[in-house]
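S.K.: Going down the list, the protein sequences come from chains A and B.
Residue 1 is where the first sequence starts when you use the numbering used here, and the numbers rise one by one after that.
Residue 1001 is where the second sequence starts when you use the numbering used here, and the numbers rise one by one after that.
Be careful, since some hints might not be right.
To be verified - Listed below are the simulated DSSO-like cross-link pairs for lysine-lysine, each with C-alpha atoms no more than 27 angstroms apart in a straight line:
| no. | chain 1 | residue 1 | chain 2 | residue 2 |
| --- | --- | --- | --- | --- |
| 1 | B | K1519 | B | K1419 |
| 2 | B | K1012 | B | K1040 |
| 3 | B | K1419 | A | K329 |
| 4 | A | K329 | B | K1423 |
| 5 | B | K1383 | B | K1320 |
| 6 | B | K1043 | B | K1063 |
| 7 | A | K76 | B | K1136 |
| 8 | B | K1006 | A | K305 |
| 9 | B | K1383 | A | K271 |
| 10 | A | K76 | B | K1385 |
| 11 | A | K305 | B | K1320 |
| 12 | A | K271 | A | K55 |
| 13 | B | K1246 | A | K271 |
| 14 | B | K1129 | A | K55 |
| 15 | A | K112 | B | K1012 |
| 16 | A | K191 | B | K1012 |
| 17 | B | K1385 | A | K293 |
| 18 | A | K194 | B | K1153 |
| 19 | A | K194 | B | K1113 |
| 20 | A | K55 | A | K293 |
| 21 | B | K1385 | B | K1423 |
| 22 | A | K122 | B | K1423 |
| 23 | B | K1077 | A | K305 |
| 24 | B | K1153 | B | K1113 |
| 25 | A | K305 | B | K1040 |
FYI, nobody ran anything at the bench for these hints, they're computed from the structure.
As a plain string of letters, each chain reads:
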Amino acid sequence: MNALYSLVLVFALVLIALFGVGSAHMAGLFGTMLPYVAVAVFLAGFASRIIGWAKSPVPFSIPTTGGQQKSLDFIKHDRFDNPVTPGQTFIRMILEVCCFRTLFRNTSVELKDGRVSYASSKWLWLFSLLFHYSFLLIVIRHMRLFFEPVPACIGFVEFLDGIMQIGVPRLYMSDLLILTGLGFLLGRRLKDPKVRYISLVTDYFPLLLIIGIALSGIYMRYFAHVDIIAIKKLTMGLVTFSPVIPAGISVVFYIHLFLVCVLLVYFPFSKLMHAGGVFLSPTRNMPNDTRIKHHENPWNDPNIKPHSYADYEDDFREPMIEAGLPVEKES
Amino acid sequence: MADLPKADELFKSINYTPPSTGWMDTPVDTSPGNWCYPAKAEKLEYLGFPNPREWNPADVDWKLPENWQDIVHEGFKERLDKYRSLKVFMDICVRCGACADKCHFFIGSGDPKNMPVLRAELMRSVYRKDFTMAGKILSTLTGSRVMTEDVLKEWFIYFYQCTECRRCSLFCPYGIDTAEVTMMARELLHLCGVNINWILEPVSNCNRTGNHLGIQPHAFKDIVDFMVDDIEEITGKRINVPINEKGHEVIFITPSGDVFADPGIYTFMGYLMLFDHIGLDYTLSTYASEGGNFGLFTSADMMKKLNAKMYAEAERLGAKWILGGECGHMWRVINQYMDTMNGPANFLEVPKSPITGTVFENARQTKMVHITEFTADLMKHNKLKLDPSRNDHIITTFHDSCNPARAMGLLDEPRYVIKNVVKNFHEMPEQTIREQTFCCAGGSGLNTDEIMEIRMRGGLPRGNALKTVQDENGVNMLSCICAIDRATLIPLANYWAPGVDVCGVHELVGNALIMDGEKERETDLRMEPLPGKEG
Chain A
1 MNALYSLVLV
11 FALVLIALFG
21 VGSAHMAGLF
31 GTMLPYVAVA
41 VFLAGFASRI
51 IGWAKSPVPF
61 SIPTTGGQQK
71 SLDFIKHDRF
81 DNPVTPGQTF
91 IRMILEVCCF
101 RTLFRNTSVE
111 LKDGRVSYAS
121 SKWLWLFSLL
131 FHYSFLLIVI
141 RHMRLFFEPV
151 PACIGFVEFL
161 DGIMQIGVPR
171 LYMSDLLILT
181 GLGFLLGRRL
191 KDPKVRYISL
201 VTDYFPLLLI
211 IGIALSGIYM
221 RYFAHVDIIA
231 IKKLTMGLVT
241 FSPVIPAGIS
251 VVFYIHLFLV
261 CVLLVYFPFS
271 KLMHAGGVFL
281 SPTRNMPNDT
291 RIKHHENPWN
301 DPNIKPHSYA
311 DYEDDFREPM
321 IEAGLPVEKE
331 S
Chain B
1001 MADLPKADEL
1011 FKSINYTPPS
1021 TGWMDTPVDT
1031 SPGNWCYPAK
1041 AEKLEYLGFP
1051 NPREWNPADV
1061 DWKLPENWQD
1071 IVHEGFKERL
1081 DKYRSLKVFM
1091 DICVRCGACA
1101 DKCHFFIGSG
1111 DPKNMPVLRA
1121 ELMRSVYRKD
1131 FTMAGKILST
1141 LTGSRVMTED
1151 VLKEWFIYFY
1161 QCTECRRCSL
1171 FCPYGIDTAE
1181 VTMMARELLH
1191 LCGVNINWIL
1201 EPVSNCNRTG
1211 NHLGIQPHAF
1221 KDIVDFMVDD
1231 IEEITGKRIN
1241 VPINEKGHEV
1251 IFITPSGDVF
1261 ADPGIYTFMG
1271 YLMLFDHIGL
1281 DYTLSTYASE
1291 GGNFGLFTSA
1301 DMMKKLNAKM
1311 YAEAERLGAK
1321 WILGGECGHM
1331 WRVINQYMDT
1341 MNGPANFLEV
1351 PKSPITGTVF
1361 ENARQTKMVH
1371 ITEFTADLMK
1381 HNKLKLDPSR
1391 NDHIITTFHD
1401 SCNPARAMGL
1411 LDEPRYVIKN
1421 VVKNFHEMPE
1431 QTIREQTFCC
1441 AGGSGLNTDE
1451 IMEIRMRGGL
1461 PRGNALKTVQ
1471 DENGVNMLSC
1481 ICAIDRATLI
1491 PLANYWAPGV
1501 DVCGVHELVG
1511 NALIMDGEKE
1521 RETDLRMEPL
1531 PGKEG
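Just chain B, with the same shape it has in the complex (with noise of 0.2 angstroms):
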């Protein structure tokens, strides 16, 4: 951390000239900075994953199991017959190269084996060595490899400089997915012990309290209880929070850094006075506190058994359907694994908004319905009295969570709302947003400090952009729809853009909601004085 280059120093030092040895022969760099810190020994105990030990990226040796050549050589046989997706994949990949400057790590770094493309021949070499015939024979030609542990030591450093967002993808003429390449790779490096503890604790935490902050029930109430009571000192209105009630048409499941953290909190209040305004009969849970869902960044198993829980609660407490917040990859999982994973859940209901009668069709089958999806449907049919003049101390833009973007196509429904809700709203440029947004450069699970430099690199696509619309346009607010967003765009904006800060929508939706029997507001939801009521 204390050794972080200025911005100008950073930037000045990406050069795109490839070293002059060939990747293969350029040795992996696994001193500290290029690495997260290995999950704890306990964390995988407890998870049951395998080779729990205490050991160092930097050392020489990384405790592997003896047979760990033979682990990952089998597993990577089960992937390819299980995911047509991974075979194809290593399969057809042409290295045309069109992926090559897409990724916001090989953007800010300049280091070739952050290019989607090589990053994904990391893995491919070796599927070469043991799958393919020619590579078997021919291998320098064909550019396979034997899996040493040097090449294992360059998947870790490298498939944990992935934040599996892909964009690449959306360029690839073949649509190879290095997200999923990726994501085989870190199940197969799991295999032999070598993970990340920002990604295991999270995980084990959601296994027991039910978020990956680890926050118990009781922690939940009470900090539940303090927002309510800002929002009563806001306002100065007292609303009531039901949690863990059964009976309730709607369970509401948000990313736990909307509970925990600043400024996700602030979006937090928001959701919640929204609720109370619309008078929407919904519950929350301790138990399925946690929409994000870092099982997606271990593996397919321990993501469905994370996922589970949601379902497991709503049919527990009686729910008809289930309402999500603002969060990235949890919105990746809910449309693309969720109901394949732990469907159908015939227990709940197609859903329909009780205000407006609604009925969302295209959550049909999964019985979730995205909140900017509710809100926007909310506010299309005029059921909300808001006053955007309560956010015209905002000068916003949106950032377009890169899960919800390109494996969903949330784009419209938050932009809807914003525009709604605050006066001043500028989009950043074209080539950094929607489908092609770039990455906070933290998400996957590498939102940690340790690696700090390699985030700031990965983070200079989307810093850039938020730096031209704050001189362009002066800008002052980032708004995004994603928890892991509000946490690593923060450190992303200080670097990059000082003087912008982050919020969720549903802060500005907050700010900006007349609640009935509210007293005149004279701040916002952060507490900071409204336009014209400083004195």
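Pulled out of the complex, with its shape left as it was, chain A reads as follows (with noise of 0.2 angstroms):
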């Protein structure tokens, strides 16, 4: 049902566009004024959100450790599993960001032959893995968009994407990519029972928004062949804030558009914002030191203090006293 929801709520931001631009001719409130909007909401939103968590302190170091501590010489540390130094932690964090590492460990259970059984369970990994990087490379590619002239770096990332020279227009491999990704996390939360279980309508939303986003970008390109040159006229018009619309521009691209803004309105409200939490999750942007370094809680309550040692020798002077224990105060 939550997945329904969801797929009903992306068709329906579909026809919104197409009516509003199609019908209602509002090409220039979907074209420059919403634009404008959603990039503020996410800068504005994504912003508050880490300065939100930022506020609150840290006030006891806790983090996971994955490997062997730092001890005595002769035993070997484990220094990205369990870092000691900011630079270790720093590795540590490139590792999870970059690699996904923690997942790469994943492993599922069975119940089989009367015993739990462990496999090495690498598919999310693999298919996160997948989506993340091939929609950084869209991205990096859609800012040739946004640039002129366009810079050698995006020109060659284009060029790299595309390399497998299939088609006209070239194929991006990074849109085959992005669609297998996508359609593993949707597959997998939709046959998981587990995963089925515990999954929202937030869950389904931005999967499919993200699905709609790249098919209507897919059909753009290589069915539609919008008149791309129209465009970036428009989208350098958004940059230099001097916004056009220009004529012969497809109601696909408003759709897409229209769809990317949606998405960037509802990322920093959303769990989306893993993309920024998780470089503040205190256990694993923290250095194993405790025993070590000091570490301040800033809340630290100094009044808390122990039952006393004269309380409890009150409590128990006298049998002390018979049991030949060291005492204070003779009664």
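Two chains, two frames, a set of hints: combine them into the complex.
M.R.: Shown next, in the form of structure tokens:
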């Protein structure tokens, strides 16, 4: 049901853009106003979420360690799973953010022959990596629409992406890969009963929305053959703050753009913020050095004292003396 | 207890297919067996915890304070402002499900609310309703819900089916730590007087008597004397054990389970024999006679209050540094909380082994060394005379305790010690050891008999791994470095791998140690005949 709600929602968004531009002729609104609003909401929202998290202190250093601690010289220290220096911690984070290292260790459980068995399960790692990197490539490729002249590095990414040289216009690998990645993530959510059970509308919606964006983009490029010169005029108008609505842009473009705007607006208020949050996770971004260095808790209450030894001895002095235990005060 | 199903029946009853009703619509089962006994009013009163009363979780009326919803809301808000971890963990979960089958309670029960992601969603759903704009407006779509009494009851049931072992955190791509979520949920429950006796009574005992079992100082001395007698009987050597004495170099603190309960006492005898053998200048303390900090399972403030005794006593007795025994959550507190809460302990010195001269740089700040670090260093420097053949009747494996493994990374030190004193050592399957270790299912205060079925279910992954090495390698001993483990793994092994016994690492050390002037040993520390001495 949650998947269906999300699908209906994404369709509704497509229809809004379709009728908004196609029938109501509000290209100005969809082509210039909304993108500005969306980018503004995205930036402000993203920043405010990060600031919101950062406002709360990290009272205790609580890294989850994934390997041998640094201790005696003859015991090999696992530097990147159990870092003690900022440098080691940085590398742990890089591996996490760039390689999804934690997901790489994923296993799945099965009950087999009267035993619990564990199998390596790297599909989630593989396909989420595929999805995220294709997304990144696609975003970089799209930057050519916002620069004049196009910087060489963007051209290079584009060249690599299309290096297979299939078809005209040349097929971008990332287009296929992102759909593969998204398809797996969606399929897994629907197929695995455990994951389906925990999935909310807010899990399906962004997946379907991004699928909608990818499909509309692919349709534009390979099937509708939209007027890319006109589109670039529009995008350049946006970045130079002199918006124009050139004639001859297909309504498909506005649908694509509208879905992107929705994604941008939705992003800061949703689980998509894991993109920012992963950097702030105290179990990963801290070194395991609290036995080595002092860590400060800003709200540590100095008034909390132990039940004092004096009170303890008052309570038990007689039997202590009788048992021959040393006491501070003979009764 | 009586209706605990047989192991194979319990195994067959596990089903990973979730129910047909959504989790918000699946009512919580509060029938007996699903919860630990509530805390006695007198314990709450003594500790100054809110809403002390007699109540029963099976009743409809939990006798909550009238404004309990406000209390939870305010408490939640306060903790979001105090802990970035909580705020971030409430927001960034993408429900990828990588954690789902990592929890021992889920693996053994199939109850989807035992999937770490869903356990946290029990709290997140309320967070969304109370603290996010989208959750306030679009409740069903965003998975938010109002905090009702049923939700509170659900929290009580499921946050006391989490042992804060952090295994899920290891597998979470964002490092979301359910232990942190559980700790916060339990703090909120405490604010309404919803808590369990098996945590509150130890806390109250620790506060008054210094240890969670409530052993008073003279009784503590008696127990130590008994152990000294036993050591004399086994080795022919009378050793001296200083208690509460000032002016010694080291103060030794271990969980009181080692002092009190079988088989912990054998581990304790091992410590004492080792200290005598190397001539360590140390003392025990009755005031700080507990390493395990049950405050960790109530609130940050209580954890701090109980932990503070260690430094206070070290200062009073004029020790230079602290040596700590084999304990699980004690080391989580020492590694991740102690210096922050109660330090810096500048009246102490950076720990340096008086025998080998090794400076423990990794304990420079807390001034507290783990006994397996200390002993491994002794062994590396050949300071111990050992006869591993005295452990030839033991074929052992090693259980990594969750807390030292995942909050500290104490993995190889105990293995190094074991391999020096036991010839027959076998690792359990790799997905169940080291940082991936499985909980004993009795940690975080759940080591109580009224939830035995839940414990046995949660103990399945550990029990199964143990059974594997029992079948394949003839393992008959499960060694560990945690006093809670030494209590909880016994019923677990009896249930899932009958025939395997449980011991601490320093019991094995004590067996192998050749003390100066000792007689030829005929029994091990359990007074069982050594191999070849059965006659």
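S.K.: Next pair to validate is K1383 of chain B with K1320 of chain B; report whether the Cα-Cα distance is within 27 angstroms.
M.R.: It holds: about 22 angstroms lies between the C-alpha atoms, which stays within 27 angstroms.
S.K.: Between K1383 of chain B and K271 of chain A, does the CA-CA distance stay at or below 27 angstroms?
M.R.: Since the Cα atoms of K1383 of chain B and K271 of chain A sit roughly 56 angstroms apart, the hinted pair is violated (cutoff 27 angstroms).
S.K.: Within 27 angstroms, alpha carbon to alpha carbon, are K194 of chain A and K1153 of chain B?
M.R.: It holds: about 23 angstroms lies between the C-alpha atoms, which stays within 27 angstroms.
S.K.: For K191 of chain A and K1012 of chain B, compute the direct alpha-carbon distance and say whether it is at most 27 angstroms.
M.R.: Distance ~24 angstroms between K191 of chain A and K1012 of chain B Cα, so the pair holds.
S.K.: K1385 of chain B and K1423 of chain B were given as a pair; does the straight-line alpha-carbon distance stay at or below 27 angstroms?
M.R.: 15 angstroms, holds
S.K.: Take a quick look at whether K76 of chain A and K1385 of chain B sit within 27 angstroms of each other, Cα to Cα.
M.R.: 25 angstroms, holds
S.K.: Does K329 of chain A lie within 27 angstroms of K1419 of chain B when you go C-alpha to C-alpha?
M.R.: This hinted pair is violated, its Cα atoms lying about 47 angstroms apart.
S.K.: Within a Cα-Cα threshold of 27 angstroms, do K122 of chain A and K1423 of chain B meet the stated pairing?
M.R.: 37 angstroms, violated
S.K.: Is the straight-line distance between the alpha-carbon of K1519 of chain B and that of K1419 of chain B 27 angstroms or less?
M.R.: Satisfied, since the Cα-Cα distance of roughly 25 angstroms is no more than 27 angstroms.
S.K.: Does the structure keep K194 of chain A and K1113 of chain B at a Cα separation of 27 angstroms or less?
M.R.: Holds: K194 of chain A and K1113 of chain B sit about 11 angstroms apart, inside 27 angstroms.
S.K.: K1246 of chain B and K271 of chain A: Cα distance at most 27 angstroms?
M.R.: 57 angstroms, violated
S.K.: Going straight from one Cα to the other, do K55 of chain A and K293 of chain A come out at no more than 27 angstroms?
M.R.: 23 angstroms, holds
Checked against the numbered hints above, the structure breaks hints 2, 3, 4, 7, 8, 9, 13, 17, 22 and satisfies the rest.
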